[in-house]
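Number of protein chains: 6
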Amino acid sequence: MLYEYLNSFDFQKAVRKAKHTALLPVGAVEAHGPHLPLGTDNLLAERLARRVAEQTGALQLPVIAYGQVWSLRRFPGSLNISNDTLIRLIVDIGRSLHFQGFRILAVINGHLGNNPALKEAARILYDEIRELKVYHFFYPGTRDVIREVRETPAAHATYFHACELETSYMLYLAEEYVDMERAIRDVPKFTEEADVTPTPWEEITETAVLGDATLATKEKGKKVIDAAVARMVELLQREQERMAESP
Amino acid sequence: MLYEYLNSFDFQKAVRKAKHTALLPVGAVEAHGPHLPLGTDNLLAERLARRVAEQTGALQLPVIAYGQVWSLRRFPGSLNISNDTLIRLIVDIGRSLHFQGFRILAVINGHLGNNPALKEAARILYDEIRELKVYHFFYPGTRDVIREVRETPAAHATYFHACELETSYMLYLAEEYVDMERAIRDVPKFTEEADVTPTPWEEITETAVLGDATLATKEKGKKVIDAAVARMVELLQREQERMAESP
Amino acid sequence: MLYEYLNSFDFQKAVRKAKHTALLPVGAVEAHGPHLPLGTDNLLAERLARRVAEQTGALQLPVIAYGQVWSLRRFPGSLNISNDTLIRLIVDIGRSLHFQGFRILAVINGHLGNNPALKEAARILYDEIRELKVYHFFYPGTRDVIREVRETPAAHATYFHACELETSYMLYLAEEYVDMERAIRDVPKFTEEADVTPTPWEEITETAVLGDATLATKEKGKKVIDAAVARMVELLQREQERMAESP
Amino acid sequence: MLYEYLNSFDFQKAVRKAKHTALLPVGAVEAHGPHLPLGTDNLLAERLARRVAEQTGALQLPVIAYGQVWSLRRFPGSLNISNDTLIRLIVDIGRSLHFQGFRILAVINGHLGNNPALKEAARILYDEIRELKVYHFFYPGTRDVIREVRETPAAHATYFHACELETSYMLYLAEEYVDMERAIRDVPKFTEEADVTPTPWEEITETAVLGDATLATKEKGKKVIDAAVARMVELLQREQERMAESP
Amino acid sequence: MLYEYLNSFDFQKAVRKAKHTALLPVGAVEAHGPHLPLGTDNLLAERLARRVAEQTGALQLPVIAYGQVWSLRRFPGSLNISNDTLIRLIVDIGRSLHFQGFRILAVINGHLGNNPALKEAARILYDEIRELKVYHFFYPGTRDVIREVRETPAAHATYFHACELETSYMLYLAEEYVDMERAIRDVPKFTEEADVTPTPWEEITETAVLGDATLATKEKGKKVIDAAVARMVELLQREQERMAESP
Amino acid sequence: MLYEYLNSFDFQKAVRKAKHTALLPVGAVEAHGPHLPLGTDNLLAERLARRVAEQTGALQLPVIAYGQVWSLRRFPGSLNISNDTLIRLIVDIGRSLHFQGFRILAVINGHLGNNPALKEAARILYDEIRELKVYHFFYPGTRDVIREVRETPAAHATYFHACELETSYMLYLAEEYVDMERAIRDVPKFTEEADVTPTPWEEITETAVLGDATLATKEKGKKVIDAAVARMVELLQREQERMAESP
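Protein chains in written order, with the working numbering: chain F, 1 to 247; chain E, 248 to 494; chain V, 495 to 741; chain C, 742 to 988; chain X, 989 to 1235; chain P, 1236 to 1482.
For the record, the hints were derived by calculation from the structure and aren't laboratory data. It is possible that part of the hints are untrue.
[Claimed, not checked] Taking lysine to aspartate or glutamate pairs in the EDC-like style, the calculated list, with each CA pair at most 20 Å apart, reads:
no. : chain 1 : residue 1 : chain 2 : residue 2
1   : X       : 1001      : P       : 1441
2   : X       : 1001      : P       : 1414
3   : P       : 1424      : E       : 440
4   : C       : 754       : V       : 700
5   : E       : 260       : F       : 179
6   : X       : 1177      : C       : 975
7   : X       : 1177      : C       : 980
8   : F       : 13        : E       : 439
9   : F       : 13        : E       : 453
10  : E       : 260       : F       : 144
11  : P       : 1248      : X       : 1167
12  : X       : 1210      : X       : 1132
13  : C       : 930       : X       : 1167
14  : P       : 1248      : X       : 1132
15  : E       : 436       : P       : 1469
16  : V       : 683       : F       : 239
17  : P       : 1424      : E       : 481
18  : E       : 436       : P       : 1379
19  : V       : 507       : C       : 980
20  : V       : 683       : F       : 179
21  : V       : 683       : F       : 131
22  : V       : 717       : V       : 498
For clarity, every value in this text was computed on a predicted model and none was experimentally measured.
Required output: the full structure, derived from the provided sequences and hints.
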């Protein structure tokens, strides 16, 4: 199921078996507090993709481990690439996948900051290659279950980071990289300005933790992640069937 | 030693311990015959980097798994990104690493086709950030040992691919991904034109194997790889010492 | 208060009187159903800016009347410019305003599709010109009041368009351009895919109306718009004071 | 006749009625002395377009109010965008207009500095969309009438600015924005170098007035403007007829 | 006096002797009728530069032999490069010349179509390197003498091409490349549209000759060329003196 | 045989006579020690092209006299253009040549530093215009004869510069520009780093001579150059024949 470990002689058969579907995990190297590693978003994206691959038969591509990290770029360890670089990278890969016979590309994103670039890349591919369907997933279908599992209010309407939620995801998907003994509670107060003017997060938090990571549990993670995986699988399977019917 | 698995709280101490040195493996997804996986160059770049990290204390970054694959782009499974995309990606990462306190960036390349982009990116960073030393390594210091271990002549003065040599590297560094039972001998005849006009390799080979992979051995691989690692370590340590002396 | 109608001899005095604050309305030419004109977003952006100018003393720039209209670009009358073009335009204007002595630039946006470009442009200016504060406003501070005035549920979590809400804004700010006799009710069903794959809106609606425009009233519009204006004025005045204190 | 105030339901009929012709006024925000507003070129472009629209039935688009203002960019109030930005903007709009069914786009320019960008944009559209005819007008057909009405010699072979001529245009087209009591006479001496090396106009004039604005009259303006309008109408009508004959 | 034939050991002395002045001829490969070669503009630019070099002591650079040839690009033999390419080329060379110690760069242009690119390049260099003075010359100071020598009216207010004038220039500067026996008279009628919409010249002329080449004489050429050279020399010497006074 | 000196009336016949083959010499302005001129690479490229033209009937284009000179850019007299500029220039020219009826373009390169750009440009043209065959030649087919004529070992595995070899080429092709009395012997020691990190040559040599220029002879030059010409002629004639057979 891992694209990289196929060889070129067996490749075309594998594409057919994968129903012409490829999964591209995209993450980032970014500060995630004292209890989570810098590569948290890469781990999440890869392991989400693994589960989606298992249920859809899709081929999983190697992760793009570098993302757009403007807000946290000045935190220790963060690495930032521009929107423009990320867009070009996705578009180049999308073109190659189309040439290689894929008809569905699902970009599985573990880092919110990548979203504008991924959406733009998907639109460029849409306009250029009509027969390639490109998805950009960031924990789809999880709004309700998140409301349910959360014990603390969100620090921000859109952002969650290294907090009760994301730490729970890691406990479920990559527990061996979580150090719960160092998990902290740090609820930042987003200024009213943060949504309407460029605001690097060092103005808001010292830890990069947006909430109470100590409340994270594997169970909470399981509920949200399973919902996200289920939604991705559902959408991809529906499209795979549609394609099977009208080839 | 893996950058990704550090956390932001411990990061700055780790940078100092790593003597401000980062290793960036860069590979490709590319056809490598029936016996080697598409991700061969990623595996080689990562495992080379691992050894260099062990001996220099440097921090190893996540691999860039997509490379410039013009010549083999039409072979099953190959994925190609443009020189321009790869240059931007390296430059963005280099800028971030400099911000994060690194003074040496060694790009460890497993795919020859990346070389022009890596050289250009290194020059851009040289002109922009004088205090960041950027290396681009592609098996340095191996000319003599290669001449020694080789049993068959090279198919091309510059290129080696999925052959006696590269298969030997894989047997030494990533044996679990090699299927020697499927290894083949296929010595292509490069046309006289191949060096002076764009020549996709489907004009030259059907298998993407440039030589006799059946002659590959772990021992041959060890000799070449150890020489490459030794050379990289030597150059990096010398630079680390120079920096320690004149901070 | 209108930048365009100043002359160059009186200009510098006017900048000081405006507390070094400029307002840049940005809209779009886009289908808005049978009852609203194509230039709806331009009218809204301009008239919002007018009110903010009146209360803050800021200078109002001429509207940028062309926006990023990907989703509705194939509807009759829509005109679309790329994110890239819009980013460059805002950045060029921001640089000039900084040269002319401005310290605050508030981009007042009437079209949601412009947001990614405006945010990116603001970040570019942030990185390039630290002493210029750039805001990008899209009806800030209106979440609660919208929940209060709405009689029908939103057709989409993020989008509103030519509906109960936007038509109400127009009734309050630009009544002379609204033809309530042609207002319609058309509640589209956004597919589950619409948020995760490029989905032009002709797949979702024939009218470009996302809801029940017949329920629009001036009073509803007044409540939301007054809240948005109040929030923008509050943020700008706070910044103007901060600047006055530390010049 | 104003594109912005149409709605999407009536749009296609309006395009046919307009004989598939759109007018795009382009101006600038630029110093024009003590008696003319910064937005002079926008006012002129818009009102020229209005007259051409009335006589040709064409649809008038919202003005592009920002132009290439290199020479006067350091004068109080001037705002400058790059040639590149302006070219992209025009090309994007041209593509959309073609999609919307237009076959003629007349760019009506009120600011000489925009000319190189407009010409380049027109060529790009010419090469890309053969069936869209793009005009770029800057007071065409006025050479003789200008020679006739002028009482003072031109300060420069090509440039006129805020002078007897342009002030007359404003008196005819936008009198309410002219303050003739502040009109001045300031005849700059262009250095021999000004045409052959980059020469910002602060080296040539303190007022940005190139001549004797006190001699401006509505009658002079009428003569030149009527000639320009007549020429534009003539060219557009001829093209509209040609298209009607060979659809 | 030819930059190319200096060597690097003697270079710096030569720059000082040249009063830090470099001449860069720029031409084009373009159809010029049956009697003039495709490289006419290159020959003219180079030989103009030679004369200016002789009188100012400046160093003459190798010609840029490719220019922007949009209007005549479809004529046999014409080669066209884009404005963008030409701008980048001039800017790169300008930066290098500045590094090499030059303070004056005179671009001597033999092809009108290059003018917008040369002007833009000069402005970019002006903004980037204040201490480099960049001239872009296209037969400066010749208006009056042209009026005097011309026996036939100009076919166009701005353009002259392969006609009485340009053929005379060639007779004076590069007689060995002119075949007067094949010179023709072909007065095209520029349509009224040609100045306001992209108009490739195949719509206007079959020969690319704009007038009566048979009337060309060496004497006419001498008068115009000597005036152009005198003007260039005068401007450059004045600047050289200014620099000598305030080093 | 010189493209520039053809005229447009005779052009199409000349293209047919040239078997649709164009030669584009590309050189550089670069330091070449005390005995060779800055324009050495231009002279070599042009005169190589002349010989190839004589034997193949191909048309020779004017030289591109500016190249990518990163390594020696800080030496007196060197002029550097970017890879990007050079790529665009070659691509623009290639497109025009294809329009003009050429089917073979041989870029004859006299400067090693241009190679990456020329290779990239050739690939872009390959992808865009399948029916244009683009060669990029840099002394092809000379490995063996170089080994034979050389009396001193190469200073570097890849580079030769202003040394025994290149000076011999000049003695054979452009003797009038060589000053053998000033020829020197200066064998630099390339650091181990020079191939793996950006290394401007001022760190390696003061003279820009890489070896013993005093050993240069016309005979050595003749042997290598004749071999290079023979190889280019052979490849081009084979392609010309192939095209003649399958038009």
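Hints, one by one, checked against the model:
| no. | hint | in the structure |
| --- | --- | --- |
| 1 | 1001(X) with 1441(P) | holds (17 Å) |
| 2 | 1001(X) with 1414(P) | holds (18 Å) |
| 3 | 1424(P) with 440(E) | violated (34 Å) |
| 4 | 754(C) with 700(V) | holds (17 Å) |
| 5 | 260(E) with 179(F) | holds (18 Å) |
| 6 | 1177(X) with 975(C) | holds (18 Å) |
| 7 | 1177(X) with 980(C) | holds (19 Å) |
| 8 | 13(F) with 439(E) | violated (35 Å) |
| 9 | 13(F) with 453(E) | holds (17 Å) |
| 10 | 260(E) with 144(F) | violated (41 Å) |
| 11 | 1248(P) with 1167(X) | holds (18 Å) |
| 12 | 1210(X) with 1132(X) | holds (14 Å) |
| 13 | 930(C) with 1167(X) | violated (44 Å) |
| 14 | 1248(P) with 1132(X) | violated (41 Å) |
| 15 | 436(E) with 1469(P) | holds (18 Å) |
| 16 | 683(V) with 239(F) | holds (19 Å) |
| 17 | 1424(P) with 481(E) | holds (18 Å) |
| 18 | 436(E) with 1379(P) | holds (19 Å) |
| 19 | 507(V) with 980(C) | violated (49 Å) |
| 20 | 683(V) with 179(F) | violated (44 Å) |
| 21 | 683(V) with 131(F) | violated (24 Å) |
| 22 | 717(V) with 498(V) | violated (30 Å) |
This entry does not satisfy hints 3, 8, 10, 13, 14, 19, 20, 21 and 22, going by the numbered hints stated previously.
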